[in-house]
Each structure stands twice: as structure tokens, then as C-alpha cells.
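Chemist: Residue-level listing of the chains:
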Amino acid sequence: MATVNIRNMQVNQEGTIASVKVGGELGRRLRDMGLVPGTAIKIQGRAPLYDPVALRLKGFTLTLRNNEADLIDVEING
Amino acid sequence: MTMDFCIALGGNPNAGKTTLFNALTGSRQHVGNYPGVTVDRKEGRYVQNGHDMHIVDLPGTYSLTAYSVEEVVARDFLVNERPRVTINIVDASSLERNLYLTIQFLELGIPTCVALNMIDVARGRGIEIDDKKLSRLLGVPVVPIVARSGFGTKALMNAVATVAETPHLQPLRVSYGPDLETAILEMEKIITGKSFLTGFYPSRWIAVKYLENDEQILEKGRGTDPQIADQLEAITRKVGAHIEETLETYPEAMIADQRYGIISSMLKQGVIKERHDRNRLFLSDHIDKILVNRFAGPIIMLLVLMGLYHFVFTYSEVPVAWCARTFEWLSDKVSTTLPDGMLKSLVISGVIDGVGGVLGFVPLIMFMFFGIAVLEDSGYLARVAFMLDRVFQIFGLHGSSVMAYIVSGGIAGGCAVPGVMATRTLRSPKERIATLLTAPFMNCGAKLPVFALLIAAFFPHSRAWMMFILTLISWMGALLAAKFLRMTVVKGASTPFVMELPPYRLPTFRGLMIHTWERTWQYAKKAGTIILCISVLLWAGMTFPRLPDAQVENYASQRRGILLTTASLVVEELEKASGSQHLSAAAAELKDDLLAVDARQAAVALRHSLAGRVGTGIESVTRWAGFDWRTNIALLGGFAAKEVIVSTLGTAYSLSSVDTEATDSLAVKLVAEPGWRVLTAWSLLVFIMFYAPCFVTVVCISRESSWKWGVFSMVFNTSLAFFLAVMVYQTGVALGY
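Those protein sequence lines, which keep their order, are chains A and B. First residue of the first sequence? That's 32 in our numbering, and the numbers climb one at a time after it. First residue of the second sequence? That's 1014 in our numbering, and the numbers climb one at a time after it.
Treat the hints with caution; some may be incorrect.
Below, in silico cross-link-like pairs of lysine-lysine (DSBU-like), each with a Cα-Cα straight-line distance of 30 Å or less [as the list claims (entries may be wrong)]:
#, chain 1, residue 1, chain 2, residue 2
1, A, 52, B, 1207
2, A, 52, B, 1233
3, B, 1207, B, 1251
No wet-lab data here; the hints were simulated from the structure. Please read all numbers here as calculations on a predicted model, not as lab measurements.
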């Protein structure tokens, strides 16, 4: 199974969060919104200028900037 | 038994908190501020079975850390004011994330009642929730409701009353794994032993907050007892280092993982049944395929924003005109009843114009808030922020900043007052200040008559082009100034764009109305009083000190002289003439002569006033930008409202009041003046675009942030504008223009 960060994922690609490599305020914020290891996510789309990215997880849609997405590694399904 | 008690209403943003609040309290609510911050505090009453419940709407939060103002406010309220029961509203269609906050309420040990909202939507999505089982696992009542229709609210409030009567339950214990638990136990021993902060919080909760590095608690701890705080912080550091070494993670990350762990194990015990893949696309996502599409998205957004703009400024014209006419009528009434003199001048120019100025904005603000409420409640505003964030991020702003810019006059003709108030939709504090301070650079409707005058005078052949260029300059200026501010006074990393894209929802009419009304009323009430005071002060500045009697007498004798040299028949005709009656050539000439004397007197009186003296006094400095004392006075007057620049310039150039109504005569006059040329016009255009916002805007900026920022906006904007104007003028002079 390949591990990539969210910035490099394609639209509609699915996977499971492997790690969130950031502490402090941003890390807390990401975790508060449910971005914790083991969570299944799917890339829902990207803004017209490819940044931010919209993800689908736990039944809702979340947006992240690419430089924030860089900190999250995802194991790609299949 | 009947009781009076306080209930807090908490939950995630977009979970339907406001809808439930409105459903419960109806019109019996009022909005205030939490002390020291600009977070709305809504309170209302609900009466059922003789229980009189006082409901406080907490700001929407995802967590109870000290990450944002909203979270701190919510937490402080729960801890300091100890509501008898907290209703935790939870969105049934994204239960897992919503329960993250619930767990934290329970860890804090506060009496909680869960309102499982939007079960209809969840059902539609194939999600079945066993509320009884969830209630048993959480240890608190769980009541399914549909806040929009009011379904279940009675049952919810009965459950709330039951919770209020039952004794307090023990705080929930989430197990955080062997490493952290050892540390927590050790810390709890110290905390309970010394009764450290236990008057406010459960001891275990304090220990967990130390492990989470919660700034607010750390600070409070140091303030209470530095020695114990040191001990606790040392334990935190030790376990933190250990965890980072062995598990390559942080204590706070482990804590979050465990909380989510307990939630998912609860849900797996049969609480939730899903018929579909939970991340499958729903109607809302299909709509997004078009509305956030790479090509169609921006075009639709442009149309929607143009539509909002059109709605706000075109449809509000009618009520704005009513307001204006009412105040004109009032002015007329006063001017015919009161005798000429100071009192009349104060009432008309100070009070009526001041109050008229405040109320004149009310329809505009109402329409703007209504428009924004529609976009916000439907969920489209989040998409706008999503699409534009990349562009605004470059300048240290947020995707949501666009709203404030557009309304302020990003499309020429807006108004900075509602624009500044539109920054409320921004949740990130730094970006919000930067937007607040730069939005007034946009070309608002009041700057347009001034621009029109200068363009008519100096660029008569390229009017449309000039307006376009000026719009571009103001956008560039605002964005670059925002970048500058974000690199200096409000510097720091940008707030993460971790934002929920809520599903599209049809806004409820009631919600829109309440939303619009409360914001508008807040403006009229709070800003109104201050604006009236400043308006009177400005009037005084342009009126006092008055001309010495000798000079007044001089003009009176000039008038007498004119009357004496004219045939008495003509004088009689003019005296008898009313408004629109056609005058003979001789009488018309007499009238013009008299008005010319009036105008000369007004000009001299203006120069003699405080504003005139200041304007003359700073002439030596403003010469650098090509402005003489007349322009200076006009610009000072522009602080009252930008369109005043035109009329003040007219007075300073001794145009009679009849003439200033028609911009053309002033334009002709300016072109003929030796001090004026195209370069002066450019310099003045730039200055007017960027200098201090009108005082109504300043008051609003202060209301939305603090007086410090209000003052800053005047000083910073004027300095920037002057610097730019001098650059333009001096470069022009150097190049020989």
C-alpha cells in the first residue's frame, strides 16, 4: 500500500489517514475536525486554482489549504 | 415544582444551533456581546410547564480547547456562569465529529442533554440512529429533534427539566492509555492535594488540559500558584518527551485519538446503522460539482456577487430615498420655523444631518445583511471563500474577505459601513483585522461624486476608462496594503483554512428575518449615538470661531449697497418672488449679485473656522501633494462623509449654494484655477481613495474591533494616502507635467 500526502492525491481518490505530522495550534485544529489516524477520507474536489482541497470524511466535507494538506499522510486503498 | 434556571446551548457550527435557539425563544431574545470580544451573545426565554428557562446561545465550536475566541468564550461561560443544563446540539448526519465536542462537555462534568438534530436529513441519507442506546452509552438524555420544524423540542425541554432536577453526575473518564494515565494520576494527586484550581474545574480535566498544552489553563495555573504549575508542567514535559521518543506523536494528539476512539467504539455498538457508504455523494455534493466547478464555478460566483451587489444597492435605493426625503422635509420645516442663527445651523447641519447620516445607512445595512444571511445560511458563502482563498491567501487574507471588499465598493458604488460589518463572517482574527482596515480603500458610493467632479473637469473624454482604472487602483491598493499590514502590525502565520463546507440548505425565512433585524438594530443603537456626537463636533469645527462682527457688517453693507443702487421695483419683485417663479432679467441679476456676496462671506467664514485654520495651517505640508488650503478644508469635511468634499470645495471657491448643486460649474471653475492641472487631479484622486475613512466607518471599525484599530485606520490610511499623493505629484512634477 502506497502512502502519499493529501496534496498529491487525485480527485475521487480514497484512503485512510496514516499520520498527521504537526503539533500546536494547527495540529489541534486538524484533530478537532476529525483528521486523526485511521479515518477514511476521499478527495471530493479542488478549488479552481487547485488550492484549497475539499475532502470527505466522517460524513461531512472539509477544506484544507495545500500547505496544510502536506502534513497529512494517507494510505491509498487498493 | 417550578424553577427558573439558566440553560446554555452549545454545539458545532452548522449543527442548527441558531435554528433551535430561534425555535425555542421566538422573538423573546436579545443580542449583546461577551465582554471584551466581538462575539455575539444571544439570550432568550423559554417557558414550559411553569419552568422559566433563560437560554444563552454559546458561539459555535468544534472543540473546547482555547484555540479560538469562540472556544474560550464558550468554555468560560460554562465554567464561570455554570448553567444548570447545557443542551448540546448534534448534527445527526455527521454524528462522529459532533460527538467529539459532546465528549468534552462530559469530561468537564457539566449537566448535559444531547439534542440529536436533523434526524430527517440523516434518515434521508440512509442513516438510522438508536438514540436510546446512545443515551445509555453517554449517560445523558439524547432527544431526536428537527429544529427547523420544531419537532421534538417539547420532549427535549422536558428532558432538560429532568436533568436540571437530577443531582450532578461524575465527569466522564476517557482512558488515555498507560503512558498518559500514569502522568494524569500523578498530576491529579498534586492537584487535589493542593486544591489547585479545583474550584473551577474537575481535577482530571485540569491534568488533561496540561497535557494538551492549553494556554489558557497554563496561564491561569501560573497565576494561581507558580510552584504547583511548575511541577505540573515538568510532568507534562517529561511524558511529552517520552511519547515523542517512543511513539513519535504528541500527548495532545494521543488525547484526540483516544477521544475519537471512544466515540467510534460507541458507534460500533449498534448506535448507528448506515445503508450506504458514508462518504458517498449526496444532492449537495452534486450541486457542488457545478457551483465549484473549475470553469463554471467562478462565473457563477461572479454572477451571484453581482446579484448581491445589485440587490443591496439598487433595491435599497427606494427606502434610502424615503429616508433622505424625510430628513429633507424635516430640515425644511426647521429652517422655516426657527429664526436664522446658530441654533438653526446646529439643528440642521449638526443634528438632522447627523441623525440622517446614521439612519440613511439603515436600509443599506438591512439589505446587505439580508443578502449575506441568504448566502451564509444556504452554505454558498463557504464555497465563495473556498474558491477565492488561493488569491486572497497571497495577500495574507482569507477567502471570505471578498465579501467585505465587494460590499465596500469593490464594484464601484458600495459602502464601507456595511462592508466593515460584513467582516463578521470571517472567523480568523488576523485576516479579519487586515480586511477591516483595507476594505474602506474601495470606491464607495460617496467617493463617486468627488471622482465624477474631478473626472468631468480634467478627464472629460475618458470617463468610463477613468472609473475602471480607479477601481483597479483601489483593489491593488487594498490588497497590497493588506499584505503590508499582515507583514507588520498584524503579522503571524495565516489562520488554517480548516473549514467545513456545510451541505446546502434552504434558509428559513424566520432565521433570515431575525438575523437581519438584530444586526441592523445593533448598528442603529450603538453606532447611532456616537455618530450623532461626532457629527455635532464636526459641525462646530466648520462653524466656529465665527467671523468677527466687523466683517459680517462689511458683507451686510455690501448687500445694502447693491440694493440701494438697484431700482426699487426690481427689489420688490425679488422680495415677492417665490421658489419657481420666473424672474425678470434685472431681478435675476440682482439675485445673483446677492448670492455672490453670500458665497464670498461663506468662503471667508469657512476659512476663519477651526477647520479653515487647520486647513490653512497645514498648507505648507500639503503643498507637497499639490493641495492648497481650499482642498485641505474640503478633505477635512470629507471626514464627515466623502460626498461633502464636493460641497465644501464649492463653498471654499465661493460658489453660491445654488451653483454647487450642479457639479459642472465647479468643474469649470477648477479647470480655470491656476493651481489646478491634471497632475493635481491625479494626486487628489489617489488621496481621496486611500485617506481616513468617513467617521461612520471609523465608528463601525471600532465597534467591530477596538478603538485602537479605529484610530489606527485614520492615522495609517491618511499617512498612506499622503505618501502616495506626494509620490504621484512629485514624480509628475519631476517629469515635467
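Chemist: Look at each hint and say if it fits the structure.
Modeler: Evaluation of the provided hints:
1. A:52 with B:1207: 37 Å, violated
2. A:52 with B:1233: Roughly 29 Å between the alpha carbons, so the hint for residue 52 (chain A) and residue 1233 (chain B) holds.
3. B:1207 with B:1251: 21 Å, holds
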